[in-house]
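Start from chain P and add chain E according to the hints.
These are the residues of each chain, in order.
Number of protein chains: 2
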Amino acid sequence: MKRIKCTLSYDGTDFSGYQKQPNKRTVQGEIERVLQTIHKGKVVTIHASGRTDTNVHAYGQVIHFDTSLSIPEEKWSKALNALLPNDVFIRDSKQVEESFHARYDTVGKEYRYRIQHLGERDLFKRKYALFFPYSLNIELMNQAASTLIGTHDFSSFCASNTDVINKVRTIDTISLCEDQDELVFTFRGNGFLYNMVRIIVGTLLEVGQERLKPEEVKEILEACDRRKAGKTAPGHGLYLWEVFY
Amino acid sequence: MKRIKCTLSYDGTDFSGYQKQPNKRTVQGEIERVLQTIHKGKVVTIHASGRTDTNVHAYGQVIHFDTSLSIPEEKWSKALNALLPNDVFIRDSKQVEESFHARYDTVGKEYRYRIQHLGERDLFKRKYALFFPYSLNIELMNQAASTLIGTHDFSSFCASNTDVINKVRTIDTISLCEDQDELVFTFRGNGFLYNMVRIIVGTLLEVGQERLKPEEVKEILEACDRRKAGKTAPGHGLYLWEVFY
Chain P
1 MKRIKCTLSY
11 DGTDFSGYQK
21 QPNKRTVQGE
31 IERVLQTIHK
41 GKVVTIHASG
51 RTDTNVHAYG
61 QVIHFDTSLS
71 IPEEKWSKAL
81 NALLPNDVFI
91 RDSKQVEESF
101 HARYDTVGKE
111 YRYRIQHLGE
121 RDLFKRKYAL
131 FFPYSLNIEL
141 MNQAASTLIG
151 THDFSSFCAS
161 NTDVINKVRT
171 IDTISLCEDQ
181 DELVFTFRGN
191 GFLYNMVRII
201 VGTLLEVGQE
211 RLKPEEVKEI
221 LEACDRRKAG
231 KTAPGHGLYL
241 WEVFY
Chain E
1 MKRIKCTLSY
11 DGTDFSGYQK
21 QPNKRTVQGE
31 IERVLQTIHK
41 GKVVTIHASG
51 RTDTNVHAYG
61 QVIHFDTSLS
71 IPEEKWSKAL
81 NALLPNDVFI
91 RDSKQVEESF
101 HARYDTVGKE
111 YRYRIQHLGE
121 RDLFKRKYAL
131 FFPYSLNIEL
141 MNQAASTLIG
151 THDFSSFCAS
161 NTDVINKVRT
171 IDTISLCEDQ
181 DELVFTFRGN
191 GFLYNMVRII
201 VGTLLEVGQE
211 RLKPEEVKEI
221 LEACDRRKAG
231 KTAPGHGLYL
241 WEVFY
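Line by line, the protein sequences give chains P and E.
Under full-length UniProt numbering, the residues of the first sequence are numbered 1 to 245, in order.
Under full-length UniProt numbering, the residues of the second sequence are numbered 1 to 245, in order.
The following block holds chain P by itself, in its conformation from the complex (with noise of 0.2 angstroms):
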C-alpha cells in the first residue's frame, strides 16, 4: 500500500460541501466515485485536512487516500483530473509516509475571504466574492481584527451547532488587502472553528461600517458567546487557500 497526498482546487457552487453525503453531490463523494472506478470497482476512502460548506470554495484543499496501485505519484493528478468533473481539480500528487495524515497532521491553515465593495455588482463575480457596496472604514477594520490575533477562546466566533469543546485557537494573522474593486481578507492560524472565518468577517464588516468598535470587538470576543457576535457572512466569498503541515 501507498499513500498519496494530493492537493486540490475545487468551485464550491455546484457541491453541497466537501463532504460525502447520500443523494448529493459533494467534493468527496466526486473523488471517491473517481476512486472507485481506477481502482476497478474498489472503494476507496479519502480523508481531507476538513471540511468545506456548500458554497465554499478551496484552492488548496489537502486529501489522502490508500492505494494498491501502481500509479506513479505525480500522475495519480492526471489520472484523476481526466474522470473528475471539471469543477474539481487536482494541483498536485504525490506519495506521502504511510504515517501522514491529511487531517490529524495539519499544523495551520489559511483562509480568504473577497468581497467586492467598490463600483457596480460584477456579474462574474457573483459566485466568488461577497458584493458589499457600502462604504467601509478599513482602518478601524484593521484595528478589530488586530484585537482577535493571537490564542483566544474564540466561542463568541463559532456557530452554536457544533460539538467541538475546545474552542481555543490561535489566529497568526488577519490582513486586509485592496485589490481593484475587492478587499480581500487573508487569516492564517493554527485551526479554524465551525463558521469561524465567516462570523469574524461578518463582525468585521459591522466594524468597517461603523456600527461597532474595534474595542466592542474585544469584547465580544471576551463574551464566549456567539450571539454577541455579527452576522455569519456568506459561504461564496470563502476559500481554503492552504493547509501546512
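Because the hints were derived from the structure by calculation, they are not lab data.
Note that the structure is a prediction, hence the values are computed from the model and not measured.
Among the clues, some could well be false.
It does not matter which identical chain is used: a pair holds within one copy or between any two.
Said to hold, decoys possible - Straight-line Cα separation of at most 30 angstroms, DSBU-like style, residue types lysine-lysine; simulated pairs:
id	residue 1	residue 2
1	78	40
2	218	75
3	2	75
4	231	78
5	231	42
Below, chain E without anything else, positioned relative to chain P:
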C-alpha cells in the same frame, strides 16, 4: 410611448446565446419575459446591438424597447434587475429619442478575448477565459495583428454559414495586453462578422505558437477564403465589451 435604452452584462455560460429561440434559455427570452411581467402580460420586444453566441459573455451589450409605463428612466434598471435571474444585470437605463435603434445606430463595437496562458489551470476561470498553456510569441502576434488593422474584406475571418454579403469591415484596434496570468485581446472596429473575433484569435494563436508567420496572416486575409484561416477560438473567452453610438 417612450424608448428606453439599457446597457447590460450577462454571463453567457447558461444561455443558448442572446437571441430568442423556442424552448431554450436565452438572454432575449429572459428579458422579454420580465418585461412582459412588468407590463402586466403585454408582449414587449427588445432590440439588441447584435447577437452573441452560446457561452459568449457581455459586459456592455445594449438593447432598447418601447414602453407606455411611467417608470422614470433610471428606475428601469432596478425594476428589471429585481426580476431578472442573477446571470443578467442591467447596468444602466435611460430614455432616448424615439428614432434611436440599438442595432442600426451602432458606429462601432469593442470585443475582448481572455486567455489564461500562464501557470496551472485556474479552475475559477474555466468559464471566463480560454486556458491555453502553451508558450506564445507575443511580438509575432502583434505583428500579425497589425496586418489586420484597417478596412478589408474579412471573408477569410467569417464563419461560412452566414448570409451577410458585404464582408468589408474596418478594424481600428487590436491590442494584446498581459494581465497577471492572462493575455487579453481588445478589438475595436466599425462592425464584426459572424465569428470574426474568434477566428482572428484562433489564427493569432497559431502565429503565437510559430506555426504561422505574420506575413502569412496577410496572405490569409487577401485570400478571402475561410479555410485558410485558423480555428474558431471557443466562445467562453469572448466578451462583447462596449457598443458605440
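The hints, checked one at a time:
no. : hint     : result
1   : 78 / 40  : within (17 angstroms within a copy, 54 angstroms between copies)
2   : 218 / 75 : neither (49 angstroms within a copy, 43 angstroms between copies)
3   : 2 / 75   : within (14 angstroms within a copy, 63 angstroms between copies)
4   : 231 / 78 : between (41 angstroms within a copy, 26 angstroms between copies)
5   : 231 / 42 : neither (44 angstroms within a copy, 42 angstroms between copies)
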